[in-house]
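Chains as they are written, first to last, in our numbering: chain A, 63 to 345; chain B, 16 to 588.
Calculated directly from the structure, the hints in this document are not laboratory data.
Using N, Cα and C, we set each Cβ at its ideal position, and we do this for glycine too.
Treat the hints with care, since some could be wrong.
Using C-beta positions, here's what the derived DEER-type ranges look like [unchecked claim]:
no.: 1; chain 1: A; residue 1: Glu288; chain 2: B; residue 2: Ala251; range: 33 to 39 Å
no.: 2; chain 1: B; residue 1: Gly29; chain 2: A; residue 2: Gln330; range: 21 to 27 Å
no.: 3; chain 1: B; residue 1: Glu473; chain 2: A; residue 2: Glu318; range: 37 to 43 Å
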Amino acid sequence: MINPNVYETAISPTFCPGCGNWGISQALKEALGELQLAPHEVVITYDVGCNANMADFIKTYAFHGLHGRSVPAAAGIKLANHHLTVLALIGDGGFYGEGASHFLSLMRGNHDLTVLVHDNERYSLTTGQFSPTTPKRTITPSTPEGSIEEALNPLALALMNHATFVARGFAGDIPHLKNLIIKGIQHVGFSLIEILQPCVIWNRQKTYDWYREKIYQLEPSYQPNERLNALKKALETTKLPVGIFYQEKKKAYHEEVAALKEKPLSQQTIATIDIGELLKDFS
Amino acid sequence: MKDSINIKIAGKAGEGIKSVGLILSKTLMKAGFWTFDYIEYPSLIRGGHNTYQVHAAGKPVYSQVKNLDLLIALDEESLRCHQPELTNTSLVIYDSEKIKLEFLGKLTGVYLAIPLQQLTKESGGLPVMANNTALGAVIFLLGIELQILKEVIAQIFADKEPRVIQENQKVVEAGFAFAQEKFSDKKIALVQPQIKEAKILISGNEAVALGAISAGMKFYAAYPMTPTTSILHYLASKAKAYQLLVKHAEDEISVINMAVGAAFAGVRSMVATSGGGFCLMTETLGMSGMMELPIVVVEGMRSGPSTGMPTWSDQADLKFVINASHGEFPRLVLSPGDIEECFYLTRQAFYFSEKYQLPVIILIDKYLAESLTTIKAPAGVWQNSRYSFANQPIGKNFKRYLNSENGISFRSLPGWPDGEHLANSYEHDESGFATETIEMRKLMVEKRLRKFETLRQETEDLKPFQTGNGKKIGLISWGSNKGPILEALANLKEKASEINFLNLNLLWPFPKKALAEFTKDKEILLVLEVNATGQLVSLIREQLGLEIKHNFLKYDGRPFYPEEIVDYLHKFL
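With these hints in hand, go ahead and build the complete structure from the sequences.
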């Protein structure tokens, strides 16, 4: 067990008072500590948005890239050195909107990444416009007459899209979320952890209390090994279940690639390369 | 006696034109010739008109030429549409079962009827092998030993069943024997090369791919796009043997983000695309500049804008690539002049990219990417050094973006203790943390510009390709025009001595010094490029304050032909 404060940089967080990021960052640091992962063994990629504000405050190797793109960057890092533990942080706008093609593709490849989606149902950093998970008819600065689109159901979509680890947590329940992150990191393959995150500034309807009313933990008897059962749970709206909806053991992308059988790409020496065999084909 | 030969094989897409052209060119190479192969095809899988053109001689050839010595017309359209390229002495081989000459009106050239289907069938081949039957006849007409062609067939089909090799060898024998019997008086008096150097026949794309493998590239991602798709195919086919990670990703944005991610984790990585795909990559190109992570991007230009003419060539992305992405950051742009340069400059791209921690763009075009040529075989074994990494153990307080004198700051790799840092697309301080202060913003902008200045000084001494040392005419061009220009200069013979030719293969940092030296004493300056607005002309104006009035611009999707360059140059001679 490593003390969570080992993962803190010298910079104090600038999250809004009451932001869900306080809980998520604490759960993340505790999870890394419990897994005894030293800061240099972990890479976290950050998207752009309030979620990614964390990049300056958490000490690991980190990659703060472009909006919607933290997951393909994470996949590249993992493929280059699969000995690393790689997490990608992203928001609902980044992963289900701008980067939705990556959501659909990298999940199917079962890249061994733990993806934490900070879902606050808003584009909060740009002052609160509606996002792919905002319920229909919500009034926001970009939808003054109420949004017309139906909200995306990321868990249901992931379940139908070959995700091998699908979970939902809540930023207001740190011990529970910490356990989900631990399980997600331990899972070899694509782990989607959808995090219900209150935004106290731009989403005043869905407060911590609102979520606490709505949420229940999946029953101890629930077995996360049936896709259809998981789908039923993912489609519930009256109450919102949290926990691991589905988990399946399957080879991760890097385990299926011949070039990575022996060692990570980054450990292969390139000092001398012999292309003699290749030249024969052209002679 | 002829000392060079120009052959075109033409037919419908999907009829194996490329395969038969490759066998022909390889056979010529093994007979000691140097070849240049130019391919034209429409953006279709079946039914359009395809051509494979082989220009060969006993000395190096640099490009395709227009007038044909020999046309193999596999359908009627091929026979009709290439009439302007024929002369009275051109030989035309055609399938006499498919094409009836009497209905075609006035035709130029000498027509050799071969019942290709019948010959193929009689010799035990399948109908698809009729192209190779024609090839047997070609080899006879060129005076090349049949055995060489049979060996090439065995090599090309080595991974197929032995039956395929035997049947193809049978049909070429039949074609050869038929020509020997009917057309022995039509045999072309071609000088056969006496020296047989070790050569390889390779496309620009394959040369880029080989250069990348030799340079230790370990990660390659791409989304298929003409004209660089064959880099993806080639690397994917060698991924297992050479332990490469080759990823066909969901879009170009994912492609380049994965590649920059892989670079962050410490491997040399590359992507390739065309102008349209590069448009999608541009935001991440700037990220590579801001994060100071190395990435090699191959941009194969085709006729734009938009979808344009996907299988045709252009040089209209020059200004785009040197300016692509918002904000200001250092980059390097290379433009190989020929297929040999594709190999060597790709190696250079990895060196510059890693040393200076920036994006390097290799700007080629459809013409260079998909043409093939014979080159002297490069060495088999290559040595690579690594650049700009911190020494281990790293020690405390590592500063990833240290404000160093030359602008280069050493990097640590994930997994190295004490090297934890944030690779940041935001403006950042020396440790990588985001910043918006006036002081730090200026410091970091200036650091990156200083790095570019260091790079500029190193590249200043690179000598562009140059011929001539006279003062009359200075002809300036860039990239793939090198071949047609050299071919044109060879055609001009002694008159070429008045022409000095400079071909740029480094476009950014702009080679001001080399251009200033070249242009200072020339009476007449000319620029030749494949775009409609004279992009190099405009860059020279911007960078050197020099207005070059004589520009030969081409923008019809086709590369320059040496004949039209000769005609243009005659105006100034």
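Comparing the hints with the structure gives:
no.: 1; hint: A:Glu288 <-> B:Ala251: 33 to 39 Å; in the structure: 37 Å, holds
no.: 2; hint: B:Gly29 <-> A:Gln330: 21 to 27 Å; in the structure: 40 Å, violated
no.: 3; hint: B:Glu473 <-> A:Glu318: 37 to 43 Å; in the structure: 42 Å, holds
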